[in-house]
Amino acid sequence: MGLFLVVPLVAVFAEALSKGFDAYQSAIVDPDAFAALRLTLLAAAIAVPLNLVFGLAAGWTLGKFQFRGRQLLITLIDLPFAVSPVIAGLVFVLLFGRQGWLGPWAIDHGFEVVFAVPGIILATTFVSFPFVAREVIPIMEAIGTEEEEAARVLGAGGLQLFLRITLPNIKWAVLYGVILANARAMGEFGAVSVVSGHIRGVTNTLPLHVEILYNEYNAQAAFAVASLLACLAIVTLILKAVIETRVQGVATVVEESAVEVMPWESKSAV
Amino acid sequence: MGIEVRGLSKTFGRFQALKDVSLRVASGELVALLGPSGSGKTTLLRIIAGLEAADTGSVILEGEDATDRNARDRRVGFVFQHYALFRHMSVFENVAFGLRVRPRGTRPDESDIRRRVKDLLELVQLDFMADRRPSELSGGQRQRVALARALAVEPKVLLLDEPFGALDARVRQELRRWLRRLHDDIHLTSVFVTHDQEEALELADRVAVMNHGVIEQEGTPEDVVERPATPFVISFLGTVNIFHGRVEDGRGIFGPLAVEYPVHADPQPRTAAAYTRPHEFDVSKTDTGSGLWAVIEEIVAAGAMVRLELAGAHGGLIHAELGRDQFDRLAVRPGDRLYVTPRKVRVFVENP
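Each protein sequence line maps, in turn, to chains G and C. The numbers in numbering that gives the first Met the number 0 rise by one with no breaks, and the one at position 206 of the first sequence is 205. The numbers in numbering that gives the first Met the number 0 rise by one with no breaks, and the one at position 270 of the second sequence is 269.
This is chain C alone, in the form it adopts within the complex (with noise of 0.2 Å):
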């Protein structure tokens, strides 16, 4: 096991930012912390480095209890969301400090530190910038420059805070096929810290998401995606159409919508929502029977998918998406009237 948490709760003052989270990352893969701002992600991150000590839990870093440990003998990398380059130091020595501060016995020699310097900025493909001052290079260089430093080190593990959030989208996209090479090359245990849910499914092997302090799934990106577990999982991971109601005898009635839900058979009801993605409705202009219809209000047709925006006869705005060649096939404008029926409905029960 690379990296194992358990039961960690940390409070800042009156702010808990974690409540008994345990995690476990298998070696050599990579694991994305996915959630808001505030959902104690960062927080997780830094308890795993040593940079902030839990109230209670242990953190366990390849079979060793680390949990006493100080960060400085974590043997972990660490990629800071705004790189924390050393800025008085040329990228050359921002990357060998990690080797020149170890204790006599263990540092290596001059030679070796350039060669392993030399080593490591090659496979940044900054070689050509070793002279450089941090404040000289553009947001992916620097970017390249903390991953460097951070692996000098040789760590067990990687850890990364929000290794894109700084930069524009185009650099972003580059720079996260490039790490996810990278990772597949060496190897190396890693978890990064995201709020952007799309770099998370898009890199990551597996994907844990975090809301007030707790991890609410940890899955496979398909799984989170396509079995949620929990009501903010399905609204964090994109837009959703939510339809309220409550489910009895073993039946879900969400206004409009009704569906089978043969898992409360009670005939007692409890109040639930039902939820959609946009681009699991059928559309038509005539009547299909499923009861809920909708005008259109607004079209946005740019980009593969067309985006509809409906007013439900139900009171409640709903989200559609359609592929282009569907949308012309069905020729409609603002103002016309559609049938929508749900392919997927995913059933929430709310807690008493």
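Next comes chain G alone, as it looks inside the complex (with noise of 0.2 Å):
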């Protein structure tokens, strides 16, 4: 398993430095790398708060109450892991291309999706759309509504309800989320790739700046600029080990308080 783990990371590395620390800083501050990690930033910063909003609203909606179709979401909200990504691209450029169905109205619009930017941000957010709402949604199903409703007795409003008891009870695993969806954001290969059109300095994320340098059989180059992402993932295992550990927490705390209510004394609406 530690073998499975390591020895790639240590190849990664070794063949980054292979012609010395000077090649493989120059391979990272070449202005397209420079480009490819500055839209890598840019995807994933849009992407990681929008999934984050619609991950909660998702969470408390899924989490709290039941209601007809409640199923249905849910799998709904899985779809982006069950497609795959290479799939899930080429349906925005059948939808955004210049012979789509909603291209050329885009297009007429001033607004370029497909090989531009906002396609590249369509589709990091399409791929790591499950993960907040799917890390929330069984904490806040174990937790219940009785201590919002106890808040709403003793006169809390929304707002107050929401910071002073939803958030701290569900925030490691939203943390958690975040740090997973932001990992996938950041690495996205397929998706990117089918709508980027490797325009060089322009729709090129890091992963695909990495695909584009080893094919130029610039392996040096291509393994440091690949070395930035292997930190990433370091980072991200480090990030989620520690926070693993607080989830867990939550959960066995609400376990031991685990409630059995009758079907129609609880759930009710907010």
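I should point out that these hints are in silico values taken from the structure, not numbers from a laboratory. Any given hint could turn out to be false.
[Said to hold, decoys possible] Label-pair restraints from in silico Cβ distances: (1) G/Phe161 / C/Phe11: 23 to 29 Å; (2) C/Gln15 / G/Phe161: 30 to 36 Å; (3) C/Ser137 / G/Val52: 37 to 43 Å.
Glycine included, every Cβ here is placed at the ideal spot set by N, Cα and C.
Could you fit the two chains together into a complex? Lean on the hints.
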């Protein structure tokens, strides 16, 4: 197990530094690499907060209320997990491409989606969609609505309710979801590759840039850029491990105070 | 009038939880809503609190119509069955919450909050636990914190949902007495929900017995025990023997049992049943002319009362209870024959 994880990591850094530190540095500060880094960060910076808001809203609705079509909605949230990213990218091309359904209209209004930055953000948002919601829904379900009801009777308003009661109970799950969504957003290759068009310095993200360098037989530079992504992966893993213990802590507290309620005596509209 | 609800109805999907329920609770009174699960008692409590909206009907709190008022603005204290303490806050912060979330204008200052929370924690005898988390407390302590938290906002009425439901028997007893004393001290209009008849009868000034979304009977504990209004009330308030039969010509005939029943003088018979509690039988080894005899199947002699299970000659099982002395004088064993005479019979005629 350790072999599978550590050996490739060592290989990435060994290859990246094979021509010395100067070559490593120049590969990273290369303007195209820098542009790719900027685009990756931009895509993540937009996709992750969007998914955070969406995940919280979905977690609240699906975790706290029972309604018709709830199961269908949960399935829909998992769609980006089920569909191959390449297919997802192709769907966006079909929708927003020059011959697509919405493409001509968008282009007429001066809004290029495919082979441009908006397409990359769209694809990134799509593939990282489920992470926050997936983490938040089970916690919300387990915690139930009693604490919020108690707060309401005590005079708390909507915002106070959310900030003082709901959020503190789910914060670790939210953070965990955000970190996973971020890792996916920065590392995504397939969907982004299809909509990107690989325009150097304009629509290349880090993973795409790595591929281009590698295809140009510039292995050392490819691995140098790849090492940035590897660092991201390591940071993600460490954060994930730290937060996981916290999430489990919340889960056990929830189990201890597990509540049994009659179906008609709970899950009412707030 | 502390609480008045008029004509409340509520359905959840196809399930009708409340059917045109009305109830009045005088100021300072402690009333129990007693009933099996699904009888609508919790729904009624939640509607009074504003946690649930009724389909029809109104809720009046201290003379003000609160029907359209938000739970937030009703000034009620609510104690949840499973306490619903804020798990990420200390005991102190839990109790302080209702004061801290007030709008700036009416919010007491920090020293005032500290003093009030301290007073409340002393009242529930938990001031030494102020810095603990709810997860570090026992069930009984959590319940008292929940009560202090509800009282912190100086509510006009206090509502408690199965307040002792999740506690073990001994703590339950203690907390019950403690709550009764507390109520006698602060005299806050209170309603609590319970499925435990003993709890309702011991604690409440008045009891409302609920079943299938309606209040079957409302009255003092003595009223509901001694003068049950419906077959459901008598069956729910403890073990009871039922003899099926009919009434006609001012008499009730229930198998081997015959009683006067002047209420129904009509010669046309109506289906009816007679109810007798286990302790309302006279038993003897000699025939007293009651016509009801039975063979002892089992004797449970633990406790102050001795329980007898008898196979009646009429084909039914009879539960009887005797005082220990009486049982010793009787000196019977399983298999012996006993003659049974009910001292008290309550007859309910079935609706056609």
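Here's how the hints hold up against the structure:
Remark: the range hint 23 to 29 Å for G/Phe161 to C/Phe11 is upheld by a beta-carbon distance near 26 Å. At roughly 33 Å, the beta carbons of C/Gln15 and G/Phe161 sit within the given window of 30 to 36 Å. Roughly 40 Å separates the CB atoms of C/Ser137 and G/Val52, a value that falls within the hinted 37 to 43 Å.
Checked against the numbered hints above, the structure violates none of them.
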